[in-house]
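Turn these sequences into a full structure, and let the hints steer you where they fit.
Respectively, the protein sequence lines represent chains A and B.
The first sequence begins at 1 in the working numbering and counts up one residue at a time.
The second sequence begins at 417 in the working numbering and counts up one residue at a time.
Any given hint could turn out to be false.
[Claimed, not checked] Covered by chain B, according to a simulated footprint, are these stretches of chain A (three or more residues, beta-carbon under 8 angstroms):
id, stretch
1, 3 to 14
2, 30 to 38
3, 74 to 83
4, 107 to 120
5, 143 to 154
6, 285 to 298
The hints are simulated quantities; they were obtained by calculation from the structure and are not laboratory data.
Don't be surprised by glycine CBs; every beta carbon is placed ideally from N, CA and C.
2 protein chains.
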Amino acid sequence: MKQSLLFVPTLKEAPKDAEVKSHKLMARAGLIKQTSAGVYTYLPLAHRVIRNIETIIREELDKRGCSEMLMPALQPRDLWDESGRWDLYGPELMRLKDRKERDFCLGPTHEEIVTHAVRDYINSYKKLPLALYQIQTKFRDEMRPRFGLMRGREFIMKDLYTFHENQEDLDRWYQSMKEAYTEIFRRSGLETRIVSSDTGQIGGDEADEFMVMSEVGEDTISYCMSCSYAANQEFSGLSDGDVCPKCGGTIRTAKGIEVGNIFKLGTKYSESMNALFTSREGKREPVIMGCYGIGISRTLMASVEQHSTEDALVWPKELTPFDLHVVPVNYRDDALIEKVDGLVRSLEKDYRVLLDDRDERAGVKFKDADLIGVPYRMVIGKDFSNGKIEFLNRYNDHKEVLDLEDLAETLKSLNI
Amino acid sequence: MKQSLLFVPTLKEAPKDAEVKSHKLMARAGLIKQTSAGVYTYLPLAHRVIRNIETIIREELDKRGCSEMLMPALQPRDLWDESGRWDLYGPELMRLKDRKERDFCLGPTHEEIVTHAVRDYINSYKKLPLALYQIQTKFRDEMRPRFGLMRGREFIMKDLYTFHENQEDLDRWYQSMKEAYTEIFRRSGLETRIVSSDTGQIGGDEADEFMVMSEVGEDTISYCMSCSYAANQEFSGLSDGDVCPKCGGTIRTAKGIEVGNIFKLGTKYSESMNALFTSREGKREPVIMGCYGIGISRTLMASVEQHSTEDALVWPKELTPFDLHVVPVNYRDDALIEKVDGLVRSLEKDYRVLLDDRDERAGVKFKDADLIGVPYRMVIGKDFSNGKIEFLNRYNDHKEVLDLEDLAETLKSLNI
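Take a look at the structure:
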């Protein structure tokens, strides 16, 4: 892909309202563009990363028996009256009227819509379980949108809803989804901690949150450095540096960005919305539900937060928008252009290649490349005519001059 | 994929408000579920078809130098005031206020947002051309939503915007996009006609519409059966069956469903919104724009319209949600289940397989399979124990009993 056509509007300075590192960097790197407070365009680079996150999510959910669909953003008031949420939800719910003065809202979540979609179908235990998800744009009118994609008013979520004939089946799926989430965030190159709130009540209230530890999160989390779990209640008496009585690990206190949550809904929506099925015993019962969210735009931002310094970003392998960044210091002379294009074409057979074909000074190109964050960079300079390029591995900052004939081998060894 | 987990809520009867064949069939086949007038959930089967259409679109646009991003649905009034469209647009524009009483609309198109996104960047002819697209949910408050996905209030579109330094460059890209569209609809298995309105004016007004001929479209089109083009003006004096003076072809009059349109915008938005660049001659000029839409949910519906009878559907190869439908007449006995699952697992290495694992009568399964529309069906009946299955090619209704050992060869020969 030619960089001139990709549309990467890098900036010298971050917008004034950008308070945190990732927000500043995302604006400067040409990843996002604000159109109003808390509302962003995902520019082509960010869009490619989002698609990579989505692919990982789909793979992990599909192989566990989940099925993808797409529900509408426009939700009619009557369904929200059924669940009782129309009156309970505060000003965060974006409400509007259609041309006939009927009330609608823009969905912040889809419990009502999904319950409506399945309730005629799940008339018998034979139709259960079901696990339905979507990747979709959501709306929440935050009082004070801030931190870029972290507290936005329009954002991308994966939301999943499961339906079960009994508590045991919900427990089984809940555990399976917890494993899916762990795998999704691991594959996305994010270090997460699970904050559990296991109240043990039947039919609801059990929940786990997946938190990315960072300097800027909205919640403060105490976690044990030896366990994979963080539990606010359990460690609430302890502070940073204390030793944990249970396992001898050290307590660390940090901010967390919530990127996912899973929740045993129980029968809250099925009872109020009359989603009943006939059980094996022939009784009419409300279906038992679970819900499971991942903030996709937040995951993008959390990844930037974890993989950047003030002036540079390096994407983890599974999220990177491109594998290789080919940066010719000079891309003017016809013969040279032909040779560079030939090299890129051959690399594109195996890799996703970004070619900086712009007529810019080398300094500008390198600075942009640091912001864009492709992990492997090939600089094409004077020695290209002698069959040599400069190869930079940005994960370890290792730089070497390579013979073109060794390039394929080097790339192979990197396991891109 | 197991059909019990896919969520295909087939219906015996179409909803009463469904007037046209495709709408009736889409509801009965468990493809869509209405939540309010003109607002639908795309159920898992439809979602898979939509993803196939999207893949074709992305491939054809990306290889022609277009770049994908994602713009917001929530659009602030100030940008619409700049273009003048806030006052011009009628009640079809869905408007709302945020918690601070600021005006927003839900985007029916994105000219304002994309012009805002690029105008600081395209300061020089060196940054041009650009071709940016998105696949996104759009909103239009239709006076009378009807015909299912054909005239909905929330729908999926691909919209593309191109930016050029001069008319020649716009013309070149316009031609390239016209070819892309022709290829997209051909690959989607749709027969389309292009309705041109070439006014020849510089800087705008040239447009082409891509129409699927059908019994139910919103526009009446006269077209020549020998040419690939349809031109309302040119053939306006002629009626069905007339011979066309130009080429000797016969005129046919039919309804058309508009699935795509391409349009030379010129400088309408760049002038009003101040999107200027410095030309090669050093002058500040408004950038010249083109816009190009494809109704993705409409394309789905048009495909159903073209590939169905009242009670059955057969998806074209590139859009089908699955390649093979495995229908065991009995899926109860453990040994049999194990054998069927083994067969499905081996088929899944090469094909997308739907397994009807439901505990339903054979008649119900076959009726549902006719509605679901997978092109090749394998019925597993009594003779399975003798290594035989019944294979149905739904494109030509050819049915044969196959030895399991010949299955691989048969599938190969079908070029799935």
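Consistency of the hints with the structure:
no.	hint	result
1	3 to 14	holds (count 5)
2	30 to 38	holds (count 3)
3	74 to 83	holds (count 4)
4	107 to 120	holds (count 5)
5	143 to 154	holds (count 3)
6	285 to 298	violated (count 0)
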